[in-house]
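Student: Take the working numbering: the last position of the sequence shown gets the number 127, and nothing is skipped along the way.
If you're looking for bench data, these hints aren't it; they were derived computationally from the structure. One or more of the hints may lead you astray.
Dumping the calculated EDC-like pairs for lysine to aspartate or glutamate here, alpha-carbon to alpha-carbon at most 20 Å [unchecked claim]:
#1 K84 - D59
#2 K91 - D59
#3 K112 - D92
#4 K91 - D57
#5 K84 - D57
#6 K91 - D35
#7 K91 - E115
This one's a predicted model, so the numbers in the text were calculated from it and none came from an experiment.
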Amino acid sequence: ARSFSAASGCDYFAIGGGIAAQNDGRICRTWRADYKSCAVYPGSQDGDCSRLVHVSCARSGTTTTLTATIDRKCDTLPWKDCNVSSVCCGGLVCQLIAPGKSPEMMCQPSKELNYD
12 ARSFSAASGC DYFAIGGGIA AQNDGRICRT WRADYKSCAV YPGSQDGDCS
62 RLVHVSCARS GTTTTLTATI DRKCDTLPWK DCNVSSVCCG GLVCQLIAPG
112 KSPEMMCQPS KELNYD
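Just need the whole structure built from these sequences, with the hints factored in.
Tutor: Right under this line is the structure:
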């Protein structure tokens, strides 16, 4: 969690920023807060951004708190090769790329893909 507060005597209209993945610089989420609301907006879901499983923003008086949960248990990023013991990031599953055609597996959405 990271908190941001107004400097004494200042009256900010809005404050905001982004959460970026350290390894590749992707913008995972952006956020904005003003005197009446706070919101987090979607960004990239790929690469290390897939490790963000919960991001929230809360406001109390002149303090805005941004909280993010990072999945440190997953070991395979989206769209990367995996095996049956892999823990895919981002809620993806390790499954065959082309069932019946190739033994290669990849972390991907659980929706069955049609290769006909």
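Student: If a hint holds in the structure, say so; if it doesn't, say that too.
Tutor: The hints, checked one at a time:
1. K84 - D59: Judged against 20 Å, a Cα distance of about 12 Å means the pair holds.
2. K91 - D59: Roughly 12 Å separates the two Cα atoms, so the pair holds.
3. K112 - D92: holds (16 Å)
4. K91 - D57: holds (10 Å)
5. K84 - D57: holds (17 Å)
6. K91 - D35: holds (15 Å)
7. K91 - E115: Measuring from Cα to Cα gives roughly 11 Å; hence the hint holds.
Hint compliance for this structure: every hint is met.
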